[in-house]
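Residue-level listing of the chains:
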Amino acid sequence: MDSMNGIILSIILLAPLVGAAITLLLPEKGKLPAIVALITGLFTFVCTLHLPAHFNSGASGFQFVQDFTWISNPNIHYHLGVDGLSLWLVVLTGLLAPIGVLASWSSVKERSKVFYALFLVQQTAMLGVFVSLDLMLYYGFWELSLVPMAILIAMYGRNLTENSGPKAALRFFLYTFIPSAPLLVAILWLYAKTGSFDFATLQAAIGTHAFSTAALCWLAFAFLIAFAVKVPVLGLHGWLPDVFSEAPVAMAMVVAGKLGLYSLIRFHVGLFPVQARQAAPWMIALATIGILYGACLALVQKDFWKVLAYGTIASLSFCTLGIYGFTLAGLDGAVLQTINEGVIGAALFVLLGALYERFGTSTIANYGGLAKKTPALATLFVITGLALVGLPLFNGFVGEFLVLSSTFTGVSKGWAAAGTVGVILSAAYLLSLVQKIFYGPESQAVIAYPGKDLGFREQLVLWYLALIMLGIGICPNILLNGIESGVQQAAGYPTLSEQMKSNASSFVVIAQEISKGGK
Amino acid sequence: MNTALQSVPDIYRILPEVILTLTGVWIMLMDAAMKPSKSRRSLGWVGAFGVTAALYASLGQLSMPAGTAFFGTVQTDAFSVFFHVLICGIVLVALLLSLDTLPANQHHRGEYFALMVFGAVGMCLLTSAVELLVVFIALEISSISTYVLAGYRKNTGKGPEAAIKYFLLGSFATGFLLYGVAMIFGATGTTQINDIAALIPVAKSPSLVLIAFALLMVGILFKVSAAPFHVWTPDVYEGAPSPVVALMSTAPKAAAFALLIRLVYGGFPTLKPMWLPLLWAVAVLSMTVGNLAALRQENVKRMLAYSSIAHAGYLLAAFAGAGTSGIAAAAFYTAAYSAMNVGIFAVITVASGYDEKLPLIGDFRGLIHRAPLLGGLMLFFLISLIGIPFTGGFFGKFFSFTTASQGGAIWLPLIGLLNSGLAAAYYLKLVVSVAQAPSSNAPVAPKPQIGVAVGTALAFATIATLVLGIAPGQVLGAAKASAQTFATTISSIK
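Residue numbers (this note's numbering), protein chains in the order written: chain A, 1 to 519; chain B, 1 to 494.
What the hints contain is simulated information worked out from the structure, not anything from laboratory work.
Please read all numbers here as calculations on a predicted model, not as lab measurements.
Take every hint as true, because none was put in to throw you off.
Using 25 Å as the maximum straight-line C-alpha spacing, the simulated DSS-like pairs for lysine-lysine come out as follows:
id: 1; chain 1: B; residue 1: Lys-447; chain 2: B; residue 2: Lys-357
id: 2; chain 1: B; residue 1: Lys-357; chain 2: B; residue 2: Lys-158
id: 3; chain 1: B; residue 1: Lys-447; chain 2: A; residue 2: Lys-29
id: 4; chain 1: A; residue 1: Lys-109; chain 2: B; residue 2: Lys-447
id: 5; chain 1: B; residue 1: Lys-272; chain 2: A; residue 2: Lys-193
id: 6; chain 1: A; residue 1: Lys-193; chain 2: B; residue 2: Lys-480
Coverage of chain B stretches by chain A, computed from C-beta distances (three or more under 8 Å per stretch; other residues unrestricted):
id: 7; segment: 361–375
id: 8; segment: 388–397
id: 9; segment: 403–411
id: 10; segment: 423–437
id: 11; segment: 469–478
If you want the ones that stay clear, here's a sample from chain B, every Cβ over 10 Å from chain A, calculated:
id: 12; residue: Met-274
id: 13; residue: Val-289
id: 14; residue: Ala-453
Glycine included, each C-beta is placed from N, C-alpha and C at the ideal position.
Could you build all of it, start to finish, from the sequences and the hints given here?
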């Protein structure tokens, strides 16, 4: 199997595309498109598992590298590779593909050919983002990832109100597309100066102070904004609630988080270590406020998609907090938490999607006392919820613990305290959601409901995800070993971390104020 | 070198134009000879065949050494061949498109095919002419055909309006051009583009050269519909039949861009400090005006008309590039723009028909649900127009802006890309309209039929857009080779 190492990444990228082409060519008969997509997704997932099986976590640098010239002038390479940072994100993407198909199994009834073809193209785009080491190739996949998403939201939006699906699609696309214009300009500027789009070459060129400080500041800012929108970081999150309410489940579970967070670590922190540390105080402040803001807003939402949206803002802010603390443990925690968020978010989307499919409403007030009728749904919801709030033995605990403890020791006690309040709030919104939907007096809709619990397909997906949550929670080191080798470089620069601390200390005062004021 | 020049008979240098002319004449004669009741469909195939032959003849010119013919009035080189192939390709697609979509009982259907082919003669000649009077004649041949074609829907109000507007404004523009030619002759004593460069430094009156150059620019920028000479575009596109817009929004523009490149790099390289800021200003103005105006349009063809103004702006940004890279980027952009624009108008023609049943953005609602293939293609071309990677539109913009930033004007890509963000907003209106579920109370439009000819046309445009986006190497190589034509004159720029 080692002979596969040289081409495995290309196989992973091509498999969904081939699947998409097959889906389009086959007739739209019954579940045929879904079956093809499921087989493709499973195949891709198995291929991604090849990576951790053959990954050498002792070695530094990129593995499974493929590099040949795509276009000679301008000098664009088809350059792929994986390191500890992207390794598990690729696996996560592979894992979520069959789950996305199963989640759409019964909800997508019309035009399923188009749906699954675009779904698979989206897989290629996301996988491409994680494995591209040529900035132009990376940008290509980054932009490409917007297109199927926007079209699918427009085509299969829930249309809660008149035209709200297309509006969410427009908003999502423009929010991400416009900030990527400065990103492309920054990439072009770097190319004009260095003649290369290669990640390592550019990293070296920036590291040897080939550019003026002012120029680097602008470049880093352009990179930061483009990625921060995609995460989304607080203040740039305007697209998220709409998309969560409107997007089909399989799309919504991959739209936020991992792409933006990965890009922040790889390209913002990785290419511009000095500028990233200058931006760190701001990012930490935004992240902490984001945790509190997201959790507080989730607490008062009337619609469960909105609860999930603001909850996601809070949990993604944990990741941002971990990244910009620049401690090894924090970055480990951030990457792990990104993966956790992917798994838990997927489970929550499947659960809420199951509710929406059965009752046709996302208003929480229409539910109540559902636990008696659907015990399996309630059980799985509680398990997922506990993983999200960070109960020990679950994956959420490890990630949050790493981030908060490293923030406490490495950045500032005040921010860490504020973040911890966020954890409590997240427990509050989730438990209150569980309470309102599954317990208490039965609502009209629930009384009228014939009482069909989760089907086999849904149970399979959810227990599987629950097992993964538990697995990561019990032995996180399987993931952390690899992750650590990938983020070491980002956490490096000891001289800078001193400077960071002095920067951060001025923020401690503010932090303390906020954490006091927050109570 | 001179012996090599003379070894090629002059006629080979204009072989594509000769083939096209003969085809056009043949169609016209056959049209007159045929019974009025007989279908003119075969004449369209004759036209398509002639255009294909011309395309191959142009490719054959690549094997000849670059050189002039007919007393230095036309020049074939890699540059002219690049644009010949492009224009013949566009006209071929437009002819195939018209074959299936022109109503069968339409009068003067034969004439229509002949006009398209005659237009191609003018456009092709425009890209190889190096004598300003031949340039003028070529421009007139191409323009007059398009004036007539623009007004082809005689029984609608908008058709004649489009033709008259286009004709009046276009005549003024060519008038400006002719004035420019006269003045450049007065200043330098020649109308040979290749000789002008050497004569400008010794011109009797430098200010006359500048005025002449400005007048020439007005004429050409009108033809490429760059702001501020763009006002005719939306009205004409709205009034003209869609297959004609597919042609006239691309081929005459490609020819005019070829002329612009030949003129500024071949004839006036020494004035670069003058024309570069001018073209930058026009580029920024075109992008901004085009995109802002397009945002407010509800009519699909008007929206695409404004978007084509913006695309002219993106293309002009390439002129900032140093050396020949700018020319290569501009040539590539022309190809990419033509492929996707012909494509989208082809889709519109099929979906909305010759008599335009679907004029508004909202009318396209649910197209992908009604006709998945057509809707999918429409989304594909729109994505390319937005400039998403792995489509021709992306690499066009990418090369244009790369050369601009290498030429030291980093603000130009910044404005350009922010503009393409703006452009995404209105393209997306159409994207979501096509993608969203059809409204329940909308009148049911008949399912569009895709015949053999139209299918071929759509396939050509799709494959071209895709190839330019995934493997642009070969076309880019051809564009670079064509740019080498101007290597010597460019090196004279200080």
